[in-house]
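Number of protein chains: 4
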Amino acid sequence: MEIAMIGLGRMGANMAERLHRGGHRVIGVDPGEAARASAAARGFDVSATAAEALAKLSVPRVVWLMVPAGEVVDQTLASLSPHLSEGDVVIDGGNSYYKDSMRRATQLLEEDVTYLDCGTSGGVWGLQEGYSLMIGGDAAAVERVGAIFRTLAPAEDRGWVHAGPSGAGHFCKMVHNGIEYGMMQAYAEGFALMQRKTEFNLDLGQVAAAWQHGSVVRSWLLDLSADALSRNPQLDGIAPFVPDSGEGRWTVAEAIDLDVSAPVITLSLLERLRSREKNSFSDRMLSALRNQFGGHAMVKE
Amino acid sequence: MEIAMIGLGRMGANMAERLHRGGHRVIGVDPGEAARASAAARGFDVSATAAEALAKLSVPRVVWLMVPAGEVVDQTLASLSPHLSEGDVVIDGGNSYYKDSMRRATQLLEEDVTYLDCGTSGGVWGLQEGYSLMIGGDAAAVERVGAIFRTLAPAEDRGWVHAGPSGAGHFCKMVHNGIEYGMMQAYAEGFALMQRKTEFNLDLGQVAAAWQHGSVVRSWLLDLSADALSRNPQLDGIAPFVPDSGEGRWTVAEAIDLDVSAPVITLSLLERLRSREKNSFSDRMLSALRNQFGGHAMVKE
Amino acid sequence: MEIAMIGLGRMGANMAERLHRGGHRVIGVDPGEAARASAAARGFDVSATAAEALAKLSVPRVVWLMVPAGEVVDQTLASLSPHLSEGDVVIDGGNSYYKDSMRRATQLLEEDVTYLDCGTSGGVWGLQEGYSLMIGGDAAAVERVGAIFRTLAPAEDRGWVHAGPSGAGHFCKMVHNGIEYGMMQAYAEGFALMQRKTEFNLDLGQVAAAWQHGSVVRSWLLDLSADALSRNPQLDGIAPFVPDSGEGRWTVAEAIDLDVSAPVITLSLLERLRSREKNSFSDRMLSALRNQFGGHAMVKE
Amino acid sequence: MEIAMIGLGRMGANMAERLHRGGHRVIGVDPGEAARASAAARGFDVSATAAEALAKLSVPRVVWLMVPAGEVVDQTLASLSPHLSEGDVVIDGGNSYYKDSMRRATQLLEEDVTYLDCGTSGGVWGLQEGYSLMIGGDAAAVERVGAIFRTLAPAEDRGWVHAGPSGAGHFCKMVHNGIEYGMMQAYAEGFALMQRKTEFNLDLGQVAAAWQHGSVVRSWLLDLSADALSRNPQLDGIAPFVPDSGEGRWTVAEAIDLDVSAPVITLSLLERLRSREKNSFSDRMLSALRNQFGGHAMVKE
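First to last, the protein sequences are chains E, C, F and A. Heads up: the first sequence begins at -19 in the numbering used here, then just goes up one per residue. Heads up: the second sequence begins at -19 in the numbering used here, then just goes up one per residue. Heads up: the third sequence begins at -19 in the numbering used here, then just goes up one per residue. Heads up: the fourth sequence begins at -19 in the numbering used here, then just goes up one per residue.
Just to be clear, a hint being listed does not mean it is correct.
[What the hints assert, rightly or not] In the BS3-like style, the derived pairs of lysine-lysine whose C-alpha atoms are separated by at most 30 angstroms in a straight line are:
hint : chain 1 : residue 1 : chain 2 : residue 2
1    : F       : K258      : A       : K280
2    : C       : K79       : A       : K258
3    : A       : K79       : C       : K79
4    : E       : K79       : F       : K280
5    : F       : K258      : A       : K258
6    : A       : K258      : A       : K280
7    : F       : K280      : A       : K258
8    : E       : K280      : C       : K280
9    : F       : K79       : E       : K79
10   : E       : K258      : E       : K280
11   : A       : K79       : C       : K258
12   : F       : K280      : F       : K258
13   : C       : K258      : C       : K280
14   : E       : K258      : F       : K79
15   : C       : K258      : E       : K280
16   : C       : K79       : E       : K258
17   : A       : K280      : F       : K280
18   : E       : K258      : C       : K258
Just so you know, these hints were derived from the structure itself, not from any lab. Keep in mind the model is a prediction, meaning the values are calculated, not measured.
Bound-form chain E, shown alone (with noise of 0.2 angstroms):
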């Protein structure tokens, strides 16, 4: 098939570069130049504007978005609408807010554009191994570009899902990741208990590739936990400081709006939330209140 791909950054350009290995004819959008470059280098086509790309793909025509979340989708699909024509499908493939990906749907629909939300998983490794893709939206339109999507998969038969109605696939997205913060969480908890019985002298790199075959935590994020602490088993120079990009946020709001109690995706945002706390005021306020009821000391800062 043909297909624009609006944004070549560490996700969008992997992407590209898996289709145009499957044999499609992708031609990459951005207008950093040097994003083209390299992007040109791999060995497709690229163009510094969407107009410019959608020109030169016959119609009805299929574009990817790859864009980083909310406003920045806002304003390209603003800038790509006059250039789209009845039938064109648009894929946004980033990390949108479901309802956001509700709302934009309607709206292109105005137009007789079709809108697909594809949450899409994989990572940096996704280039190699495929990608997980979850989509959202109707489905004869999933069903024509289907060659895209079998070829962004790990295999033609696996690993995507017509997950349903538009909002459906970022929907999808947003709980897996608040699930792969809790996983990570539990394995990051397990790791620094072992690390703090210095008794047992533990060699965690060892201990985690041990469980990789045959253990009931196997895991491709303990593949990587593996690989990570075997190369550095005391994770020396790495700062205690975790960042969230806001599908945690989602998830757990989304949670409390349904009624779900939902603990343990919940305590592991709130544990990057405290982990970039430098100087928590409850902690203090702890501490105050102990020295005014009991006469118990404070550290000073």
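Starting from the known structure of chain E, arrange chains C, F and A on it as the hints suggest.
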């Protein structure tokens, strides 16, 4: 009544003074010369050893232990034991683990000495306001030394309870402290949230003061919070480092033993552990994993 | 002063009565005939519509809203608006979301009407004991209607605070309720633990009563606990089903928005959600997974 | 090699068969006639008593214990002890508490018998896929019986680790299970959230299947989830009742002992306790308190 108060630390000296003021004959015991001198200046008799103090009291005697929980209690009992005689009552007013108290009561019973476990709450304010007392052990003995409890409590008929058999007093005190952890953490989180909301420029001391009267959250801990925040609204100079004294841990362990889910008390304890982590391994692990799968930059130390 | 109290539910009727007793001229407004009749029996004037009530007051007028948060407030303001004139002060004493209050204040300012947001705590006991009030909005207006606040509060000079600009009052009330959730959960867990410790056969009402005097955990909520437990020690006949009113959710969302980790307040909310789950899907999933990997039997429904 | 497998339950019988298939001479030991008959049908030798089995093996002998953790292990060792001789190696492959294993190793060393603690993961799938093994104890002994570990593991050189001195094996297994609790809870919460989002009518089995390939959350537990959900998408007929086997409790206690905050593993355990509460006293207490201060109706049983 006559009573020996063993241990003239912050709590013991205050309790001895309250008993002395209440008309009891008190002999304070402490190996430390300074502690004895300070106690003597408060008007009651002192001795360097329990043996000396016991010799001054008419039998059957009442002995109150106010020493650090754990081994010190057992050591104190071992040194007391040769000097005790049938009918004496020993009261442990410290923060002992209730199962230790049950064991000690059984041991002393073999010597016809009654052991009472008395959870004591009130901190440094107890001298003036009285102590809340939760007592475990033989009912007849509790009645016999009731005059002591009535003087230590805020009022003759309130602020103290014979909770149940041996261990029941320290058990209730343990749970009391677990609740205390949860309440403190709730206030700390709330004030931290208001402090972070800089757009409102809230005066936390004034808000706390307004809550002291008529609000659902009014409490003695809030009174202390209002006092602390009115004097130091930003808690300047206080480190976010919160010790824990053991009773929170016992409460968490007991809850799990009894299959009771107590998430708030448990998380309050974990938050204190967390406050003392300088370079969390689990947070560094999360950062390393994010880098592994997403290529996200790690913050370096 | 003169004041119209719009909404004669449990809270509004009590507040109107407290103002009436305090010497103010109160006109209660409620569309419900029964509510008006009941209010009239308490001694103050009533009207069926706000328009009618406003017409009876001399300008500039003071109007207090005590209606359910959300759309009802906007509807009430819409119906009030044509009858308001320059200089009037409208006070929302309900549990509105603080961002709604900020929006409403801006809207009314265009009509030269001042809007104050007043968080009101105290529940059904406020009539006798006074209410704790946290007020947001224009300082001059707060001063102008100060006599109202002084009467509603437990005392002239305590129990109320002008917290800050528009929104600050309801923001503080929101946090107040978050703290309330955490405190309630801490007590509930502690009493549950004591109730489960059947070997001590504790009388929870007596333990709570002893804590009311001199203990670190004494509070108004403990007073209520002691009362409830002394009358119904096993809480017989009460279902383990706990509603939540919205303010806890807002507090949790705000904390996450501000990157403040508030695990205890958050878990207190989740516990309420959990109390209402009849057939938890996540627990069934855990059971299914244990069966899958370990061959453990699943309990059937 | 030759080996006695003591305990022919679900795990022991499978492990004996895998060793038998791997060319080792296995004598299975179980007091139960049915267990022995079933084992004999799988092709390997059986005995009713350990004494009988030991007499058939050439010295020094290798004995593998696969019996329930706790007292049964001590009883088994007591009955084995008279029949062991210098140089024998006893391996505890069950879920023993690591401190018990350290104590037992010290005791057996006095009889010149080497005790190895081996955490065994893999569940009912281990027969075909091999077991992940974490071994603690003397390095020379581990090397001597290495052929056993290499056969039980998924491959000769992977899936097993000599983790450290006595206790290290069961310590790692304990942490492994703590992580397992956290991961299971993370998946369970995520699927519960998707199940509750009825507007998307998600097919959870299909979503899980898509995640199995290429996603960040792919794992063996996800494979099992996909299998369970594809066969029973609503988990009909399964009760929300989740047992726990002890290792989660030990992990939580160990974390607190070591001052490591492990909120996700801890909450995963508490959630299981919670799943088994039929009539939560703490929830009833919350309901009673809401009624006390706010006049909110209580739901009756």
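Going down the list of hints, with the structure as the test:
The hinted pair formed by K258 of chain F and K280 of chain A meets the criterion: a straight-line CA distance of about 15 angstroms does not exceed 30 angstroms. The hinted pair formed by K79 of chain C and K258 of chain A meets the criterion: a straight-line CA distance of about 28 angstroms does not exceed 30 angstroms. At roughly 21 angstroms between alpha-carbon atoms, K79 of chain A and K79 of chain C fall within 30 angstroms of each other, so this suggested pair holds. Distance hint between K79 of chain E and K280 of chain F is unfulfilled; the C-alpha atoms sit about 37 angstroms from each other, more than 30 angstroms.
For the suggested pair K258 of chain F and K258 of chain A, the alpha carbons sit about 11 angstroms apart, so the restraint of at most 30 angstroms is met. The hinted pair formed by K258 of chain A and K280 of chain A meets the criterion: a straight-line CA distance of about 15 angstroms does not exceed 30 angstroms. Straight-line distance between C-alpha atoms of K280 of chain F and K258 of chain A comes to about 15 angstroms, which keeps the hinted pair within the 30 angstroms bound. Straight-line distance between C-alpha atoms of K280 of chain E and K280 of chain C comes to about 26 angstroms, which keeps the hinted pair within the 30 angstroms bound.
Taking the CA atoms of K79 of chain F and K79 of chain E, the gap is near 21 angstroms; set against the 30 angstroms cutoff, the hint holds. Taken as a hint, the K258 of chain E and K280 of chain E pair is honoured in the structure, with Cα atoms around 15 angstroms apart against an allowance of 30 angstroms. Between K79 of chain A and K258 of chain C, the direct Cα distance comes to roughly 28 angstroms. Compliance with the 30 angstroms bound is thereby established for this hinted pair. Restraint check: the Cα-Cα separation between K280 of chain F and K258 of chain F comes to about 15 angstroms, which is no more than 30 angstroms; the hinted pair holds.
For the hint pairing K258 of chain C with K280 of chain C, the CA-to-CA distance comes to about 15 angstroms; that is within 30 angstroms, so the pair holds. As the CA atoms of K258 of chain E and K79 of chain F are separated by approximately 28 angstroms, the hinted pair is consistent with the 30 angstroms bound. A threshold of 30 angstroms between alpha carbons decides the hint, and for K258 of chain C with K280 of chain E the separation of about 15 angstroms falls inside it, so the pair holds. Between K79 of chain C and K258 of chain E, the direct Cα distance comes to roughly 39 angstroms. Violation of the 30 angstroms bound is thereby established for this hinted pair.
Taken as a hint, the K280 of chain A and K280 of chain F pair is honoured in the structure, with Cα atoms around 26 angstroms apart against an allowance of 30 angstroms. For the hint linking K258 of chain E to K258 of chain C, the alpha-carbon distance of about 11 angstroms falls within 30 angstroms, and the restraint holds.
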